[in-house]
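Q: Below, each chain spelled out in residue letters.
There are 2 protein chains.
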Amino acid sequence: MKCDKFVVNAAGKRVPTLVNGMEMVPYLGLKKHRPVGKKASPFIPTCIDYPDDGDKVVSSLAEALKKCGLKDGMTIGTHHHLRDGDLVSNTIFDIAHDMGIKDLVWAPTASFPCNESIIKYLGDGTVNRIEGSMNGPLGRFTSYGGMKGCAVLRSHGGRVQAIQDGELKIDIAVIAAPTADSFGNATGSEGVSACGILGYSLADMFYAEKVIVVTDNLIPFPCMPFQIQGNYVDYVVVVDKIGIPEKIVSGTTQVTKSPDRLLLAEWTAQFCAEAGLLKDGIGIQTGAGGTSLSVGLHFHEQLKNNKWKARFGFGGSTQYLVNMLEDGVIDYILDGQAFDLEAVRSVRENRNHIDLSVLQAYNYHSKGNYTSLTDIVILGATELDTNFNGNVVTHSDGLLLHGIGGWQNCLHARNVILPIPLFRDRIPVIVDNLTTLCGPGELIDIVVTERGIAINPLRTDLIYRMKGSSLPIVTMQELKEEVDSICGKPDKPPISTKDEDVVAIVKWVDGTVLDCIYKVL
Amino acid sequence: MKCDKFVVNAAGKRVPTLVNGMEMVPYLGLKKHRPVGKKASPFIPTCIDYPDDGDKVVSSLAEALKKCGLKDGMTIGTHHHLRDGDLVSNTIFDIAHDMGIKDLVWAPTASFPCNESIIKYLGDGTVNRIEGSMNGPLGRFTSYGGMKGCAVLRSHGGRVQAIQDGELKIDIAVIAAPTADSFGNATGSEGVSACGILGYSLADMFYAEKVIVVTDNLIPFPCMPFQIQGNYVDYVVVVDKIGIPEKIVSGTTQVTKSPDRLLLAEWTAQFCAEAGLLKDGIGIQTGAGGTSLSVGLHFHEQLKNNKWKARFGFGGSTQYLVNMLEDGVIDYILDGQAFDLEAVRSVRENRNHIDLSVLQAYNYHSKGNYTSLTDIVILGATELDTNFNGNVVTHSDGLLLHGIGGWQNCLHARNVILPIPLFRDRIPVIVDNLTTLCGPGELIDIVVTERGIAINPLRTDLIYRMKGSSLPIVTMQELKEEVDSICGKPDKPPISTKDEDVVAIVKWVDGTVLDCIYKVL
Chain A
104 MKCDKFVVNA AGKRVPTLVN GMEMVPYLGL KKHRPVGKKA SPFIPTCIDY PDDGDKVVSS
164 LAEALKKCGL KDGMTIGTHH HLRDGDLVSN TIFDIAHDMG IKDLVWAPTA SFPCNESIIK
224 YLGDGTVNRI EGSMNGPLGR FTSYGGMKGC AVLRSHGGRV QAIQDGELKI DIAVIAAPTA
284 DSFGNATGSE GVSACGILGY SLADMFYAEK VIVVTDNLIP FPCMPFQIQG NYVDYVVVVD
344 KIGIPEKIVS GTTQVTKSPD RLLLAEWTAQ FCAEAGLLKD GIGIQTGAGG TSLSVGLHFH
404 EQLKNNKWKA RFGFGGSTQY LVNMLEDGVI DYILDGQAFD LEAVRSVREN RNHIDLSVLQ
464 AYNYHSKGNY TSLTDIVILG ATELDTNFNG NVVTHSDGLL LHGIGGWQNC LHARNVILPI
524 PLFRDRIPVI VDNLTTLCGP GELIDIVVTE RGIAINPLRT DLIYRMKGSS LPIVTMQELK
584 EEVDSICGKP DKPPISTKDE DVVAIVKWVD GTVLDCIYKV L
Chain B
104 MKCDKFVVNA AGKRVPTLVN GMEMVPYLGL KKHRPVGKKA SPFIPTCIDY PDDGDKVVSS
164 LAEALKKCGL KDGMTIGTHH HLRDGDLVSN TIFDIAHDMG IKDLVWAPTA SFPCNESIIK
224 YLGDGTVNRI EGSMNGPLGR FTSYGGMKGC AVLRSHGGRV QAIQDGELKI DIAVIAAPTA
284 DSFGNATGSE GVSACGILGY SLADMFYAEK VIVVTDNLIP FPCMPFQIQG NYVDYVVVVD
344 KIGIPEKIVS GTTQVTKSPD RLLLAEWTAQ FCAEAGLLKD GIGIQTGAGG TSLSVGLHFH
404 EQLKNNKWKA RFGFGGSTQY LVNMLEDGVI DYILDGQAFD LEAVRSVREN RNHIDLSVLQ
464 AYNYHSKGNY TSLTDIVILG ATELDTNFNG NVVTHSDGLL LHGIGGWQNC LHARNVILPI
524 PLFRDRIPVI VDNLTTLCGP GELIDIVVTE RGIAINPLRT DLIYRMKGSS LPIVTMQELK
584 EEVDSICGKP DKPPISTKDE DVVAIVKWVD GTVLDCIYKV L
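Residue numbers (the working numbering), protein chains in the order written: chain A, 104 to 624; chain B, 104 to 624.
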C-alpha cells in the first residue's frame, strides 16, 4: 500500500503517516510542529574532481546524467521557470527510459501541460511518482489512480523546506538556464530563452548531490551577475533550445475583461481603502491572474492619488507591477518569477527589481520569511467552506488539476483576501465540505464575491472598521445559502473514500500532512 | 600539550596531528587529500521562533549574545570588512569577559592592530585561542607564547572550507553591517560605515548556529539588494557606530613611489607582455599593495594600447581597478572587498562590479572555484627559498606578523608572479630555509626582484618563451647568491624547535597541516 498508518490530524482529516515507505507527521495545527535535527547536507566536494580550467561542459544531457550516476529510485529536481515552454524536463525521462532506469521520483517545482509525456513514464514504471504540483493532464492521470507511488503535493515554500530538511533528497537537479558559462554560473535574465529569474532552483543548487545546468546560450566565464553559482554545479550541457520563448513568457499579461471579475477587483480595492489596509510603506502581493492584475491597477491608482509608496511588491512580476515600480509607487519588486517580457526586462535592468530565492521568501523552516511581513495578499481558491478553509488543488468533481504554488505560503500575510466568484459553471465555490483541505481558515481573512464580502470572524478589527461601509458585508453562511439557492445542492461526486485509494497527500508549510486526495472512480 | 602526535608531512615538515584536542590530517601534497563525509549543517530553524513582523532587533549586543546562549568554549566568527576601523569585534569579548565566560575561540577572517585589546582576554582566559590571521600585536603576542591554545592559521578560502566541512564550527557569528533592516538583511555598500562588500561573512551566515547582525544604519525592510540574507539571522543590534569610516576604507589607495618598487612593477608588466600572458579575454588579480597597483597601471595601459579587454579583474578593488572597469579594459570586477571610496561607489553603482563570497572565489572544497581560472595573479611574500616555496606569515626573526589572506588560494592561478625585493632592512628575502612554509613552490611561477627575474624550472613553457628577452632572467640560486653577498649570512634567530613550543599551525587550502610556527625565545 502506498499509504498506511492513518490517523486523524488537527484539522480533523484522516491522513496517512506512512507514505511511499517514509514516516510522516500529521498536521498538528498552526505553529505547533517543531522540526528536529539538522539541515540536509550533501557530500563535501573537492576541486581535485573538477577541471582546473573550469570547463564543465559535457556533450549531452545523457552523458551528464550518466556521469551523475543516474540509477533506479533516484529523485530528480527540475524547475518551472520555463513554464509551458520547457523543453528540458521531459528529455531527462526520455533518457532515463532509454537507459532502462525505473522508479524515479520527479520533484518539479511545478508541472505544465507540456509535461504530459511524463504520463507514459508513470505508466511504464520509469517514474514512480511526482512530488510536486500537477496541473492539467498529469493531475487528471493521478486522480484516476495511474501513478504507482503516492503523489506528494507541496507549496513552493514547502518544497524548499522539504529539501532543506532532508525530507526530499534531490539526487540530481537539472537546472535549465537561459544563459550560463562553462563553469555553471547561470542567469535567467539574458538569452533568447530568458525567463527573468531562476529562484526556484536555488534550494536544489545548495542541497542536491549533483547539479546539471542545461543552457542554449553559453557565454565566456563569468556569467554575471549570476543567479546560479557554478561552485555548486557538476556539469554543463549546451543544447539548441531549452524552451519555446513565446511559451516561457507571454509578450504581455492581461487584465480581466469580465464585468463580474472587474467588480470583484473594484470591491477588493475599495475594501482595502476603507479598512485602512492600503497605506504608505506597506508590502503587497497581488498576483498575476486577470482579477489580481485588476486589483493591482486599483492599488496603483490609490497609492498614486494618496502620494503613498508601497515599500515592496511581491512577484511573480508582470508589466503592471513593473509600471508601479517605474511610476514610483513601490520601492522594490521582490521577485521569484517574471511572467512577461516587461518583467524580464525590468529584472535585467532595474536594481530595485530583486531576484529572490524561494528560500528567502517562503521557507517556513527559516529564521523568519517574507510572507508574514506582507500586508496585503490577493489569492484565489477552487473551494472554500464556511469556516474559511480553502482548497486550491482539486475541483468539486475530485480531479486534481492545480498545484499549490505559493498559496499556502502567502496565507501567512497580514491580510489575506480572496476575490472569487460564488460559483463557476454552476458549481458552487462555497461548499459544506472541501474536496481537499489546502489551507486552514484561520489564515484567510476576507472573501470577496460578486454577492457580498465576508470577513473572517477572527478579524474583529476588520469587522469593526467596516461597520457602516457601503460595501455589502455579509457572512460566509449567507454566501453559502445564496449560492445553494442559485446552484442547488450538487450531486455527490464519484470519489473513493478508501485508504487504499489515496493518490496524493497535501503537505502543510511545515512538512506535516494536512489532507489527502482520493481516487476518482 | 596544545599539539601532539607529530609526523613529517609531504612537504618534509614535522607537524602535529592532534591540535587543541582535534585530529588533523598532515599535508599530503598537492591534490592528494580527499575530504570525506558531508558538509556541516546547523539545526533546522522554524518561523515559529521568530517574530511574525520580522523585527529581530534587540536592545544590545550583550542581550543578543545572551539570547544566543553564549557560553564557555564557544567559537565566535567575525569578519574584517571594517578593517582597522572595526568597533564591533572587541566589544564581543568585553561582554564575554563581563559575563565571566572562558575559553572562547575567536575565528576572525582577519585581525588588525585595532584588535590589540584582545591580548588581555587571551591573557585572562576569556579567549583560549584565535583561529584566523593575526596581524601585528596579536601575532607578536602569540609568537612569544602568550596564547593558551594553539593558533590555527588559514587562508580566506581555508576558513570557509573549514566552516563548510564542519572542522571549524561557528557557534555565534557576529556580522558588522553598514546597513541592515530589522529582519537582518544587510549590505556593505550603503551607510556612513560603508565598506562595499560583506563577502567574508557568507560562510558564517550559512553555517553558524546563531547569527547576529550589528548595524549603525537600520533602514525599513527590505534592505535590498542584500548581501546578507535575513533568513539566516537571529538578532539585529543597532549601535551608534560600527566603525571609524576613515579606517574602514581609505579615501584613496596609492601607487608606490619607491623607484625600486616601480622597477619591479615595470619588469613584471614587461614580463607578462613578452611571455604572452597578458592578452585579450584573460582574468587578472593584481592586488592592492603599492607595487601591485603599479603593475595594474601597466596592465591597464597595455590592454588599452592593444585594444584588448580582460574578462575579469579580481578584487580587493581599488580606484585603479574601478578605472579599468570604467575605461572598458575589463568586463567585470569580481570582488570580495573594496579598499577605497571609489571601489565602494563602484560596487554600489555598477552592475558589472560583482560582490562575491569567498565560497565562490576561493573555497577548495567546492565544485571548482575561481582561482584556477585566473590567468595572472600578483602576490608578495616575506620569504622564499630556492625551490620557490613561500612564507607570508612570519619574518625571519620568527615573529608572526601577517595573515595568510587569500595568498594560498591565489597560488592556484595559472601564472603566479611575485614582484619582491631581494632584501628588506638588510634581511634577505630569499633564504635557505623558510621560517614558515605557507605555499608549495610548485605553485609559484615567477619571482621578480630588482636584481633579476627567476622562472620556476617547472615552467619550461615560460623559460622557452623568454629566451632572448632583454629582461634579466636568472635562477633562484643566482638570486640567493647575490643577496647573500650583499647581506651576509644572517644570525640564527632565537626560535624554539621543541614540539611543546608550537604556538600556531598553518593549514593548507584543503584543511591539512602544512607547517607549524614555534615560540620566539
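No lab work stands behind these hints, which were simulated from the structure alone. Check each hint, because a few of them may be wrong.
No copy labels: a pair is met if it fits in one copy or bridges any two.
Here are the computed lysine-lysine pairs in the DSSO-like style, where the Cα-Cα straight-line distance is at most 27 Å [claimed, not checked]: (1) K344 x K412; (2) K169 x K570; (3) K272 x K108; (4) K170 x K135; (5) K116 x K170; (6) K169 x K141; (7) K141 x K272; (8) K169 x K134; (9) K169 x K135; (10) K170 x K134; (11) K592 x K141; (12) K595 x K141; (13) K360 x K592; (14) K592 x K223; (15) K116 x K141; (16) K134 x K622; (17) K412 x K169; (18) K350 x K169.
Q: All hints, please: hold or fail.
A: Taking the hints in turn, this is what the structure says about them:
1. K344 x K412: Neither. Shortest intra-copy (41 Å) and inter-copy (30 Å) distances fail the 27 Å Cα cut-off.
2. K169 x K570: The answer is neither: 65 Å in one copy and 47 Å across copies each exceed 27 Å.
3. K272 x K108: within (23 Å within a copy, 39 Å between copies)
4. K170 x K135: Classified as between: cross-chain Cα gap 22 Å, same-chain 43 Å, threshold 27 Å.
5. K116 x K170: neither (44 Å within a copy, 38 Å between copies)
6. K169 x K141: between (30 Å within a copy, 22 Å between copies)
7. K141 x K272: Classified as both: same-chain Cα gap 14 Å, cross-chain 14 Å, threshold 27 Å.
8. K169 x K134: Between. Shortest inter-copy distance 25 Å satisfies the 27 Å Cα cut-off; intra-copy 43 Å does not.
9. K169 x K135: between (43 Å within a copy, 26 Å between copies)
10. K170 x K134: For K170 and K134, only the inter-copy Cα distance (21 Å) is at most 27 Å; the intra-copy one is 42 Å.
11. K592 x K141: Classified as neither: same-chain Cα gap 49 Å, cross-chain 57 Å, threshold 27 Å.
12. K595 x K141: neither (45 Å within a copy, 52 Å between copies)
13. K360 x K592: Neither way: K360 and K592 sit 30 Å apart in one copy and 91 Å across, limit 27 Å.
14. K592 x K223: Neither, since 38 Å and 81 Å both go past 27 Å.
15. K116 x K141: Neither: 29 Å inside a copy, 38 Å across copies.
16. K134 x K622: Neither. Shortest intra-copy (30 Å) and inter-copy (55 Å) distances fail the 27 Å Cα cut-off.
17. K412 x K169: Neither: 52 Å inside a chain and 38 Å across chains, both beyond 27 Å.
18. K350 x K169: neither (30 Å within a copy, 53 Å between copies)
In this structure, the hints that do not hold are numbers 1, 2, 5, 11, 12, 13, 14, 15, 16, 17, 18, in rising order.
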